[in-house]
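S.K.: Each chain, written out:
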Amino acid sequence: MLLLSFVTISLSSQNRGMVLIPSGSYKPFIKGQADQLKVEHFWMDEKAVTNAEFLDFVKANPKWSRAQVKRLFADQDYLSHWRTDFVDQNNSQQGNAPVVNVSWFAANAYCTWQGKRLPTLSEWEYAASALPQGSKDSSSLQEIIANWYSRRSQVENDAAAFYKSEFGLWDMYGKVWEWVYDFNSVQYNEDSRNMEESPEGLFCGSASLNANDASDYATFIRYAFRGSLKGDFTVRKLGFRCAKTIENQQ
Amino acid sequence: MKYLIVLTITALLLAGCNHKKEDVKSCCSKEANQKSTSDLKESLPGTSVYQLEYIWEVHDGKKLLMRQLAGKPVVLTMIFTHCEYACPMMVNDLKKIEANFSEEDRKLFTFVLVSFDHLRDTPERLKEYASSQGLGENWILLHGDADQVKELSVVLNISYEMQENGSFSHSNRKLVLDSQGTIVYSQEGLQTKSEPVVVALKRLLKG
Amino acid sequence: MKSFITTLRIKTFLVLLSGIALLWSCKSENQPKIVDFNKAVTGEVRAVLTDAPMVPPRIEAKHNTKVIVELEVIEQTMRLADGVDYTFWTFGGKVPGKFIRVRQGDLVEFHLHNHPDNMLPHNIDLHAVTGPGGGAEASLIAPGKSAQFSFRALNQGLYVYHCATAPVGMHIANGMYGLILVEPLEGFPPVDHEFYVMQSEFYTTGKFGEKGHQDFDMQKALDERPDYVVINGAVGASAGENAMTVKVGETVRLYLGNGGPNLISSFHVIGEIFDKVYVEGGTLINHDVQTTLIPAGGSAIAEFRCDVPGTLHLVDHSIFRSFNKGALAQIKVVGDENHNVFTGKEKEEVYLPEGSSIQRISSGKQSAAAEVIPEKNLQERLAAGKTLYNQNCMACHMDHGKGIAGTFPPLVNSDYLQALPDKGIGVILNGLQGEILVNGNKYNNIMPAVSLSDDQVASILTYIFNEFENGGGLIKASEVRDWRDKK
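Residue numbers (my numbering), protein chains in the order written: chain Z, 1 to 250; chain D, 1001 to 1207; chain L, 2001 to 2487.
These are calculated hints, taken from the structure and not from any lab test.
Residues on chain D that point at chain Z, a partial pick, calculated with CB under 7 Å: (1) 1047; (2) 1154; (3) 1157.
We put the beta carbon where it would ideally sit given N, CA and C, even for glycine.
Bound-form chain Z, shown alone:
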């Protein structure tokens, strides 16, 4: 009851552009964890952060502009698709496209500035598991993913263009990869075949790395992608969206 009223209030005021992702669970990709991973409810941006939105952030925080950003926090390609330090593009269409070429630190700073945070890996995976609205089975989602990987849709598309999921999220797949807060949490070996040979690795605790479903190539690709990243990396097809914790427990 309390929760419900809180949700209503938040929705009307500060959480514009976010949707409530209800508590639930999803089957984790990495073996050795529970069969189903539970995820608490949280807020999530309904679409990826756009160039226009990120420009506002840079203008308000010039230390995150191309000229001033510290190399520790972003490599030399940071926002390289922008025309100048404080102009994203000439045409407005680009403004609505997801911002890319942003590092983990910049994405993290943007979300903090918004009073939000980056979603965790679990939150992102769980949120992305929702099917497109109106579809009955996972084949529709698989098709979007397959199209994306093999036909390489354009980053320049509007941040909300392809599909809206049952959670109300736009284009978790189909446009850009997205940063997550703990992208470096997975003990992903750079030579991925070692996963089969030594699932445990030389780590404290038992980080096991076998995939639950080795034929789930779409998820494999996503984990491999995260494994190739470092925090200062900027990539042409990598953007982000923010999340927010629901603080209803007291």
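Once you have looked at the hints, place chains D and L on chain Z.
M.R.: Chains D and L alone, transformed into the frame defined by chain Z:
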């Protein structure tokens, strides 16, 4: 053979990492961060790890901004004290590095251990650990909250994940920072050769 | 360590069993050379890289050197077969990836670049590398990044390289493999031609020949049920107009690779015998071989001399792969006949025509296509006809309708064809059996009926009448329909 070792280690780990979660409040509020500024920061290179803003708690009870480490080379790694295998080995690796230097020379650089475990590794706990491991005055053990530990790990390219039992799986990387906080050498693995780290340090101490 | 023990053993042999000199010499012939990797190399060269079927020139320096290799990963959509596109992941822009050539003992400084427009992280595992993951761990890179690592080429041989990023199978299935040759410092004996030939499979959502862009099909890959088995990355990539060409009397060395991801190749050249095969690409040499196995992720080197003119067909002798899934390449041998070696009519293996349409020996009563397609103009018919001819007719009637003397009648300037009142519609729809006389030569073979639409038959015939000197003209789909209706 390698596989066998891994299996044995795993068995040890599984046996060793079953500690109960201790509920310890995290320290280091963000208000504290905002208070401190330093002129030093502006002179640091953009690649310096000391660009990080957070304030850490040291095992001796003091507070520390990363950039206060500037001026001496640093050997840095991340551990947690409830870890029974990898972390003691890592500390042992660092001790072997230290053994290459005279008592006098050891004062010219600093070993920094940062804990993954923001819940259990309080400054008090870290102090106990330092004394039980016989770590000298040139060793600094740091405790921070979850966000700052994450941010540092990303900067250092150290991956980790908290397990359900409160322990951590993590990569084992030691890094050498120059006196300005820029990473000049990093080494992945345990029971590694001391030589490259010693060489990197000596080069820094000379120059 | 291993070689040290071997050396000791040989010394013991020498001392104790010096009488058995023959045995010693036999053994020593196959002793692999040992590289002193502590010895520094001198100078450096930038490796020349080539796309199949070309092979880079050998490095001429007399001493071991540093070889700098720059390889770029590019994801791009290209032709897999006529009218069929696929998004390949490539080492250097083509499938198979660039051929790399170094010598035993060389120090290779490897730079792998992942193009910024790519979607995915990639890396490389070179089987020629002695080191963790063959370089895979050292080379994982996100799009827009580069990695560098160095290795010493310790062992002679022809080695496969491939991507080893998760999911490994998918990266290989999408085209990420190539060959690196580590030849002896002094080089292989000279030959007139060297070619790069690599087999692999593709698993597509659509069946073989299904038009349009095809996606990767994970289930077919798991079942090891490829739709395409190809040589040099696409159907016909090194055949027809793209065939390799040599002259009579010349010697050929083939650097053969198999990227897999699943199948083993039974590699065979129709009409040749391999004088020499470097088994599995190593130092063991076999002689007089008809068919040699190339493991998935493995190689072989085959040598032969071309003594007579004609077209050599390079196939996987798991033969359906070659005639129905694309695994066929050609070497054209041009020059004078040598009747001392091969006399009489040139007669190739007779095999039933293959192609995308279903062939049957029956009447063409029912129309193959129900939908109404608008009539095409001459230009459109010629364009469509060319592709259809290549897919359905060329296997027997050959390039430019030349036919094969005594076996398959020519279509070029054919008096038989020109005399047919129905312009050949009936032959295509019904097939043909029994003896016929074409340009003064007798033929007696079976041509199966070909299941094509009215529109397709019209295009093929228009192409044959115009391009093969049969008097030209435009055949309409309506004429084909009328022919069917009359029956």
